[in-house]
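We have chain A; now place chains B, C and D with the ligands onto it with these hints.
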Amino acid sequence: MPKTRKLQAAQALREAFEQAMAADPRVFMVGLGASDPKGIFGTTSGLQEKFGAARVIDPPCSESALTGIAIGAALMGQRPILSHQRVEFSLLALEQIIDNAAKMHYVSRGQHRVPVVIRMIIGRGWGQGAQHAQSLEVLYSHIPGLKVVMPVTPADHKGMMLAAIADDSPVIFLEHRWCHYTEGEVPVDPVPASLDGPEKLADGEDITVVATSFMVLEAMQAVSAAAKYGVKADFFDLRVLRPLNLAAILASVKRTGRLLFIDTGWTTYGIGAEVVAQATEQAFDSLRAAPRRLGLPEMPVPASPVLAKSYYVTAADIVDTMLQMANPTADRQTARAELEAIRDRLPFDVPHPAFKGPF
Amino acid sequence: MPKTRKLQAAQALREAFEQAMAADPRVFMVGLGASDPKGIFGTTSGLQEKFGAARVIDPPCSESALTGIAIGAALMGQRPILSHQRVEFSLLALEQIIDNAAKMHYVSRGQHRVPVVIRMIIGRGWGQGAQHAQSLEVLYSHIPGLKVVMPVTPADHKGMMLAAIADDSPVIFLEHRWCHYTEGEVPVDPVPASLDGPEKLADGEDITVVATSFMVLEAMQAVSAAAKYGVKADFFDLRVLRPLNLAAILASVKRTGRLLFIDTGWTTYGIGAEVVAQATEQAFDSLRAAPRRLGLPEMPVPASPVLAKSYYVTAADIVDTMLQMANPTADRQTARAELEAIRDRLPFDVPHPAFKGPF
Amino acid sequence: MITMTNEHPQLGLFRSMLRIRMIEEAIADRYAEQEMRCPVHLSIGQEAAVVGACSALRKTDKVVTTHRCHGHYLAKGGDLRRMMAEIYGRDAGCCGGRGGSMHLFDDDAGVVVSQPIVGSSIPVGVGIALAFQQAQKDDVAMICLGDAATEEGVFHESLNFAALKKLPALFFVENNYFSVYTHLSNRQPVRPISNMALGHGMASAQVDGNDVLAVQEAVAAAVTRARAGEGPSLIVADTYRFREHCGPLFDDDLGYRSPEEVDHWKLREPLERFRQDLQSRNIIDAALEAKLKATIQGEIQDAFDFAINAPAPSPASLGEYVYAQNA
Amino acid sequence: MITMTNEHPQLGLFRSMLRIRMIEEAIADRYAEQEMRCPVHLSIGQEAAVVGACSALRKTDKVVTTHRCHGHYLAKGGDLRRMMAEIYGRDAGCCGGRGGSMHLFDDDAGVVVSQPIVGSSIPVGVGIALAFQQAQKDDVAMICLGDAATEEGVFHESLNFAALKKLPALFFVENNYFSVYTHLSNRQPVRPISNMALGHGMASAQVDGNDVLAVQEAVAAAVTRARAGEGPSLIVADTYRFREHCGPLFDDDLGYRSPEEVDHWKLREPLERFRQDLQSRNIIDAALEAKLKATIQGEIQDAFDFAINAPAPSPASLGEYVYAQNA
Ligand SMILES: Cc1ncc(C[n+]2csc(CCOP(=O)(O)OP(=O)(O)O)c2C)c(N)n1
Ligand SMILES: Cc1ncc(C[n+]2csc(CCOP(=O)(O)OP(=O)(O)O)c2C)c(N)n1
Ligand SMILES: [Mg+2]
Ligand SMILES: [Mg+2]
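These protein sequence lines map, in sequence, to chains A, B, C and D. Heads up: the first sequence is residues 1 to 359, going by the numbering used here. Heads up: the second sequence is residues 1 to 359, going by the numbering used here. Heads up: the third sequence is residues 1 to 327, going by the numbering used here. Heads up: the fourth sequence is residues 1 to 327, going by the numbering used here.
Warning: the hint list may mix true and false statements.
Said to hold, decoys possible - Beta-carbon label-pair distances, calculated as ranges:
| no. | chain 1 | residue 1 | chain 2 | residue 2 | range |
| --- | --- | --- | --- | --- | --- |
| 1 | C | 287 | A | 42 | 36 to 42 Å |
| 2 | A | 282 | C | 135 | 56 to 62 Å |
| 3 | A | 333 | B | 333 | 43 to 49 Å |
| 4 | C | 252 | D | 58 | 48 to 54 Å |
| 5 | C | 312 | A | 49 | 44 to 50 Å |
| 6 | B | 324 | D | 107 | 43 to 49 Å |
| 7 | D | 262 | B | 346 | 34 to 40 Å |
| 8 | C | 224 | D | 134 | 47 to 53 Å |
| 9 | D | 325 | B | 282 | 40 to 46 Å |
| 10 | D | 262 | B | 333 | 33 to 39 Å |
| 11 | A | 282 | C | 185 | 54 to 60 Å |
| 12 | B | 224 | D | 35 | 55 to 61 Å |
Claimed, not checked - Stretch-level coverage of chain B by chain D, calculated; a stretch enters the list once three of its residues show a Cβ under 8 Å from a Cβ in chain D:
| no. | region |
| --- | --- |
| 13 | 26 to 39 |
| 14 | 85 to 96 |
| 15 | 116 to 130 |
| 16 | 160 to 172 |
| 17 | 278 to 288 |
| 18 | 295 to 305 |
Bear in mind the hints are in silico, worked out from the structure with no lab data behind them. In this text the structure is predicted, and so the values were computed from the model without any measurement. Ideal Cβ placement from N, Cα and C applies to all residues, glycine included.
Isolated chain A (complex conformation) (with noise of 0.2 Å):
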């Protein structure tokens, strides 16, 4: 067993980063706000005093040019790391992102390598509204090329980002920002996670659930409360939505029966589309009712507390949708309130106790 100890993901992404740094020459780090007070949310502090502003470049606000300099720099053999506060800065860049970074490879058969990280940290909460807590992992799932993974673990946010460094395909590497929170055990030294699929991290035989980035989390709470009331789920972390390797979850389903997936973006056209859609597709003599997904509803995300309350998906909707398909005898109504009880707790805007605002 690797050593470890206790973090919270952002510290562990940050962790990451050094030690990359530290081992590589050629990694280099991008990002408005990198040498800042704040450091990206902390997961870049303290890296431009130790590694000097020409490896941590805390540039002007120009997302396309930097996104098509990082690819430059990473065609000469460099392994440079761009970071976005939000995933929204990235739609600048993303003409450079699918036209370069995805197509280099394939267009100059194989002479151009593009290993470049973009992070995009996605998330939600505290009145951002509408263009700042948008989700958009279809658009770089759906990309030939790219990699695209999402990591809800601290274990995950540092082993997935040393192997996002070290891959040399370009890899999007979106993080919700409420996961940043999360804390867990981390590996001390620097041990890549694989990139080639989900994880499992329940075993049960009535149904099968599986969420992405933080809906994880939310799905977690319901995988535990379903199980009191007789349904037990197969679960699993999507992490990596590209390439798509659904063989273990197909295999869940092959044997559950029934399918849940949930959502951290919008549901139509979403990532669940084609994880039903596949499940559907191999699964098809197995499948014992109708798959379901869960996700953001049909419109942006509205800065008022009130109205974004009922927007988001929750613990509550998921065990409740858990039991109407595996178990739809049992007092869903309690189980809902149970978890809505936890929920409770903290103001529905706020990811965790430390946060006051205001951004």
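Okay, now just chains B, C and D with the ligands, sitting in the frame of chain A:
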């Protein structure tokens, strides 16, 4: 019956622009090449002569600003039509489209309207290569607040364009360059078509076939061919990708029990994923076989004709899959061969006998 | 801008600056109550630039702005009650609570859009100017932006288009030297920001952004040119923000800017500077200022009361306004 | 650039220009066979700019370019056989047939990327310059672009970053006055394009792009500064394309440019102009030119033969190279 006559889709579009601009002084057009001798594949020829350079603007090469400019003008009550000769150019403007066009009505609680039409031409063929022949409809279809349409017939090119111009929401109008060459009856008068949902093109009870854009034309050949092998398809042109109205298709699947979807873009996280997922969720008990999807494989399109030829899905592939699903003992080899022979009358990378390159 | 009859017009400028200052200080004071549950980007320190620029406009002119929009909204005549209700997430807010503090729109006052993505509202403003030109109106569109937004490509695309078409647009840059915590010198080479206009054949001026009269004069000249069809201008007003980038506090303890720098700017604090100027010219005295403050204080109290007591939007309305009902 | 020992260095420039001209004319001549099944953007008319700029570089310097990349590829020393094989979609092409004529890469020659999305390769070139700086090499990155690319925001973002970091980058604009059929005057206000450098505090020059020696001199000066760590430059070379934007033909019959304008430029046709200059200085005569032509003709014949006879890529390889095999 309205008076009609035969037009090519490109001419039908041109007529829509001319009639809309003549009828409403608020309508204006911004597009690279709008006034040039080729007139955006003939769709804008002569319009600048007729309406002047202030209403048919052939602008600088600045996709992001032009999109914002169209949005700003729309907020003031104008009705701009923006054209991109390749969908890829719109990627430079994605931030404007997703954050401003799609959200202003919502964020302003309905005070603002953004009646913008953004044409994006998708296509294939003649060595266009990885950055000039993508489809990318999912990137837009995932976003609440946008309407996303893909016309196929000449009548729809005209009617849906008129409806898009008249619509008070932003409409992404995805034209397949190869559909521009289709010929068909088009009403003389400016009659808007509905943007409410799919159109049924054939009735059958054995299988529901749904396709988008140019793949409707391939599927149409396959649907006819399959009938000769005893497979009658209920056949739909999806037309409107967002808001997605699957009522008619779900009703069909409930009757046929079989669903085949053909995507114009990449399969994975494609339009078909959502349609298959919804069909499974909502018509589960009626499904007699696993739904299936066809679409582009998991890579950029290579320029070399030899490689590109194996890249695209054809009518032959579609009939083959239809027969596999609905009449597995039929002679699929012969069915394929017949359609391949028809296709091979023209080089595969040429949309029309008149086409001689270079783009 | 609100001006009373028979009063010295510069008093109106002072009142507008003072009012913005007092409103934002009230927001800062009450932010810790955790009832304004959205980010707030205060313009405290930048009031001379804000008021100087907006005071050169008329009501039918339009403004687009950014995350730091409170000042422009107020200076252009936006409704204070609806602003506070928006920040409190209420149905009576100027965006029905959908927007929060970074989305302050007031169509009547001509505040069309504020948008928190840096640079994003710039071309929207150019589009408004294009619509004015198409309608042959002599209104102008003022595009408010920060220094960091000049690093976004869309800024240049917008300048080029506006210059090419001689649009009635005004690019008004409040250069407060910072993009969040990152100083201008880490983001741009050394040369006047207004030089960017040369690349696009555009008129430009760089002014002391803490001198409300200087700003007003420069903007008024540009507005006159724009109305006359002589095309757009770029105006850069150098100024300073005193509080943290986002939020109610002072954060100079974080060490991202030197005490000397902060002191330098405190000496040039725009409200005090204008007060002294007006006092020396006998346009204002302590009694008059006290009266102004009392009136504004009453207005602020009223607006907070209104906002706090206003009903929240109904959760049932969550799904409305995604698509426009076609007329 | 290929130079023979003992020959006058300007003869090498002439040979390079002549070679590009002859190769592109051969492509134009054979395009109608419909065997080169991809778009082609010929640089016929722009050879002085292309060769002047590339001749100021050394082998370890890098170039990025655009859809109109044949000239840069050849002038920088790219392999002709592999270029023709690429245009014919063959496995032996410089991109294995995956790219076509708009993707001509030759790592050995330092042609890193060509990209058909206008402006898209500009920041990639800046990233190459950043890598040089990080590795403390004194190589430079030359970024070739057209006049329309200066309208894309990313051009300005790239200039700002390069100027800020004093990168060894060179922005080389071939201003042929057209973006497809749209004249510069419909796209940009009247002022020298090189003015854009002023906005970013960058050195710049505007040169006669049909004078190969003038271009070479301007670029060489910029290269010297860049190698010395003195930062990037913008160089604008005014020139003209004689054939259609894309494809093998002349299209002046379409009326998008006046016969007078075309005649004006014909008088300044760069190859003929340089020929006369070299003749007047006795560096070339008809016999020597005939010899050059014969050699180039042989090379062209060989490259076409090679390409036409080269095997197509195997359809089975379609799915390769989507992801890199990690080292
Ligand atoms: C495209 C984009 N990139 C980054 C950000 C994060 N961000 C929010 S405000 C800000 C600073 C903007 O500085 P400036 O334009 O000078 O305005 P100021 O805040 O100083 O008023 C940044 C970088 C953003 N909102 N949008
Ligand atoms: C972003 C983008 N917009 C539009 C186009 C279509 N297009 C292809 S080449 C071209 C003209 C480019 O002109 P310029 O940069 O001057 O280069 P030139 O063709 O004159 O060499 C255009 C507009 C494109 N490829 N990319
Ligand atoms: Mg600033
Ligand atoms: Mg040009």
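Going through the earlier hints one by one, which of them does the structure break, listed in rising order? 1, 3, 10, 12, 16 and 17
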